[in-house]
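If you read the protein sequences in the order shown, they are chains A and B. My numbering numbers the first residue of the first sequence as 863 and each following residue consecutively. My numbering numbers the first residue of the second sequence as 502 and each following residue consecutively.
Worth flagging that the hints you see were computed from the coordinates, not collected in a lab. Please note that the accuracy of each hint is not assured.
Just some of the chain B residues that point at chain A, by a computed CB distance under 7 angstroms [what the hints assert, rightly or not]:
1) D531
2) F692
3) T693
4) G982
5) K1141
6) E1162
7) V1199
List of simulated lysine to any residue pairs, SDA-like, C-alpha gap at most 25 angstroms [stated by the list, open to error]:
8) A:K992 x B:V1199
9) A:K992 x A:N948
10) B:K642 x B:T655
11) A:K993 x B:T1253
12) A:K992 x B:T1134
13) B:K533 x A:N875
14) B:K504 x B:R1061
15) B:K930 x B:L1258
16) B:K533 x A:A886
17) B:K1096 x B:D969
18) A:K993 x B:D969
19) A:K992 x B:R935
20) A:K992 x B:L1191
21) B:K1043 x B:M563
22) B:K624 x B:K533
23) A:K993 x B:K1194
24) A:K936 x A:N987
25) B:K533 x A:K992
26) B:K1265 x B:K1194
27) B:K1043 x B:S1111
28) B:K533 x A:I881
29) A:K992 x B:D969
30) B:K1064 x A:K993
31) B:K641 x B:E628
32) B:K794 x B:I586
33) A:K871 x A:C931
34) A:K879 x B:E662
For every residue, glycine included, the Cβ atom is placed at its ideal position computed from N, Cα and C.
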Amino acid sequence: MNYHQRILKLNVNGHPKEILARDADTLLDVLRDGLGLTGSKRGCDLGTCGCCTVQVDGAPILSCLTLACEMEDKDIRTVEDLAQSNQLAPLQRCWSEAGASQCGFCSPGFLMTADALLREHPNPNREEIKKALAGNLCRCTGYVKILDAVEACAKQTQEQAV
Amino acid sequence: MSKFQSSVGTRIPLVDGPEKVTGSGVYIEDMKFPGMLYARMVRATLSHGNVQAVDFSAAEKMDGYIGGLAPGEPGTGNRFGVLPISEDETALPAPRSLYSGAIVAAVACENERQARAAALAVKVKYEDLPPILRPKDALKKTDDPLHDRTVGGTNIHKSVEQEFGDVDPAFAKAAKVVETECTFDGINHGFTEPIGCIAVPEPNGRLSVYSATQVPHYLHRALAKVLEVPMHRIRVYKPLVGGGFGGKSDPFPHEMVAALLARKTGRPIKIIFDRDEVFLNNHGRHPTQYKLKMAADAEGNFLALDSDSLIDGGAWGSFGVVTTYYNGVLAQGPYRMPAIRYRGRRVYTNKPACGAMRGHGAVNARFNLECAVDEIAESLDMDPFDIRAQNALPPNTTTRNHLRITSTGFLECLEKTRLASRWDEKFRKLPKGRGIGLGCGFYISGSALPIHRTRTPQSTVHVKIDMDGGVTIHSMAADIGQGSDTMLAQCVSEAMGVQMDRCRVFAKDTDTAPLDLGSYSSRVTFMAGNAALRAGEAILAKLKRACGQLTGHPTSEFIRGPKETYVLRSDSSVSVSYMDALTEALADNGALVAKGIYRAPKLGGSFKGSGAGLSPSYSCQAFVAEVEVDEETGFIQVEKVWAAHDCGMALNRTTVEGQIEGSVHMGLGQALSEQMLFTSGGQLQNPSLLDYKILSTVDTPEIEAILVESNDPEGPLGAKECGEGALAPVIPAVANAVYDAVGIRLTEVPMTPERVLKALEKQKKEMALASS
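One chain only, chain A, in its complex shape:
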């Protein structure tokens, strides 16, 4: 089987990347296998679990359902970009402290969805958080600590802004 391949120019976590990819490669394939950014997880490869969620131009998307070749000229952001200079971002710190990660496999996807939510709505209520995160499955936590973490982060950010 021969697939058409070409060099894609992608902007990932603020850095321009050039990567050889097939037209059929998903963004998740390219991030994980091509660029070694294995923080984004492959839980189902069918868009049903949300573990592969990354941000494209600030919006959360399922990278397993997104063709990499359509991502040129867009800003792609993965979980690896949340912490800066090895310092956890406030959302990551809240996440860890609340116990929102147990096995941790769904965490990168959840974090990218929640980060996008908080940028759009800095002070969401619990129902709004639930709705925003409804596309991400977690099998460990029952979501309680996840919702707690997002709430705690929003509250912290609000208090710092005052």
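Given chain A, put chain B in place with the hints provided.
Just chain B now, with coordinates in the frame of chain A:
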């Protein structure tokens, strides 16, 4: 104020929390090795058949093809299984393929895409055999059972009959007898990380197997058996594991396939399952038909329990012998039950195998029991809380079937949920369509009897400290996200009187870690935690000796002081810092090493099957669910769950709550929407997370975890299990709430809208009949 000096009893993040939130944590799919090949499975297209030939000729011509593995090749027919009494799995069919989707062959290619294509090109020729799909057909005599060891010429895998006390006389004199008969669909663990492994042939001839497993030790044993090499020639390594819940607690055929292919090709072999393959691998909760008869006197005292389970085991044995026992053995606690009769039968069928899943064996039986208790309470005009409190097992007792009960916080669980849920204002008082229900539970803190007959401790923990002051902890307790690495660090830091951040846990590698049986049967905190405490105490003894040498005071007079010091019991001004004590202890001596072990005490009777259900301690629960039932659509909306769980002692309140909340969530999935559906020919219909319905954030109600601490006398710092027992009670709590809401007793789980509507229809007809 905590009675502990360390983080014990407080809230702390997981020690591996930072790597999980940064994406830097390494799971099996994230690992690569030089020269690594990708293997894909060729899977059976029919439910039952003998594999006659596997034709790789088309695959061999394809790009990147390196090799294949077919039935009949060395090792592929060697038997293994998690229970040595029931080893009936093989890497590949030998030659019988037992279910649609079973692995029948494998191919290895340079990359994954090539391997997918090559696997599709492999042609398999079968001799078609009639499948056994319904449990009732598996009970029949046959000339050709699915496995060579079955009960009396049938497809029954395991049959259990137990009787304690005078059962028939108890029923004869009972004022109330209630009977229930319920059916339960099979369910899958649904962990987010697909199963996978990598087998790496080492240059020195050894084999390393990296696997997403809960049981590195059992995998180690099975690999040695299948490969026919001594265990020391194999190393098992567990990376971060993305959830298990019992679904990664068997050695599996694909792990054997990877090892055999690695040996054959001389190259590392990686296998990562697609989501549908995870469902086909299954080993989840057994589809079950459960009948129960229960007797009580006129005052509501329980007199006897008579139950019968028929369990659909699927293709292989897995943990099924244990499941068969647990369905009866664990059904009666946390209540006094003077007489018990149980018959359990697990059958082989041509479907994906069932095995252990969170709350193993105790979940479906619990549903029947808790619904029956409510029926008895109603018939005697008693409150569901009152009848349960009246029948509660006291602490420090033995059940009629010889389970030793030490601590039990059951009454406190009942009191706390009753108050928190404002039960007395709501029960039988909410408007029609809204209801509240109670469900309770009882579960082991680790199986006291090891799977293999051996005198080796069930848990060993090593601690090493050197001049850097860090505390290195080695264990093979398998953290699968529940936080056992954090628990080990807490126990050692508490025992030694040092800060948590000195501790680093290495619980990954069978080459360096001492034996631990792994993460199953809710055993890790109890067993590995005790071993970690003993190891920490052994190091502490060495440090105290150094304190004695430095100060001239007797060693035995030193106790842990504040801020990493050791002080004289009688005079706290005599104080030695941890680092000073360590430096002294290292002099002429080198690094300090110590170990701690745990082995469960000898427990139980001497009858056949007496080992099943024995545990050094038991947890218990009392849960309340409040629901809204839509009589138009049949949809059950769970509004809130109050979940009181006796965990002995919450070593880390955050993780204990997390275990309870996660258990409730998973239990609600089984209660409401999760089911494995099969075609009449035995094909799994819904092997995807789109069609297999796990509750999302918007489907999950508010969950209030209530921690009850009965301070177990043998648990590590008083702790016992909190990871599994908290699943079962929520399902009957929902069913009892539905009865309170609309007056129907549901007998099929999950309680889907279709089933609710069917029961409402039946109720309507019965009411019409009664009034005509």
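Right, here's what the structure says about each hint:
no.	hint	in the structure
1	D531	4 angstroms, holds
2	F692	5 angstroms, holds
3	T693	4 angstroms, holds
4	G982	3 angstroms, holds
5	K1141	12 angstroms, violated
6	E1162	4 angstroms, holds
7	V1199	5 angstroms, holds
8	A:K992 x B:V1199	6 angstroms, holds
9	A:K992 x A:N948	29 angstroms, violated
10	B:K642 x B:T655	4 angstroms, holds
11	A:K993 x B:T1253	23 angstroms, holds
12	A:K992 x B:T1134	24 angstroms, holds
13	B:K533 x A:N875	23 angstroms, holds
14	B:K504 x B:R1061	13 angstroms, holds
15	B:K930 x B:L1258	23 angstroms, holds
16	B:K533 x A:A886	23 angstroms, holds
17	B:K1096 x B:D969	20 angstroms, holds
18	A:K993 x B:D969	48 angstroms, violated
19	A:K992 x B:R935	23 angstroms, holds
20	A:K992 x B:L1191	19 angstroms, holds
21	B:K1043 x B:M563	63 angstroms, violated
22	B:K624 x B:K533	30 angstroms, violated
23	A:K993 x B:K1194	17 angstroms, holds
24	A:K936 x A:N987	30 angstroms, violated
25	B:K533 x A:K992	36 angstroms, violated
26	B:K1265 x B:K1194	29 angstroms, violated
27	B:K1043 x B:S1111	41 angstroms, violated
28	B:K533 x A:I881	19 angstroms, holds
29	A:K992 x B:D969	46 angstroms, violated
30	B:K1064 x A:K993	45 angstroms, violated
31	B:K641 x B:E628	23 angstroms, holds
32	B:K794 x B:I586	31 angstroms, violated
33	A:K871 x A:C931	9 angstroms, holds
34	A:K879 x B:E662	66 angstroms, violated
Consistency with the previously given hints fails for numbers 5, 9, 18, 21, 22, 24, 25, 26, 27, 29, 30, 32 and 34, ordered from lowest to highest.
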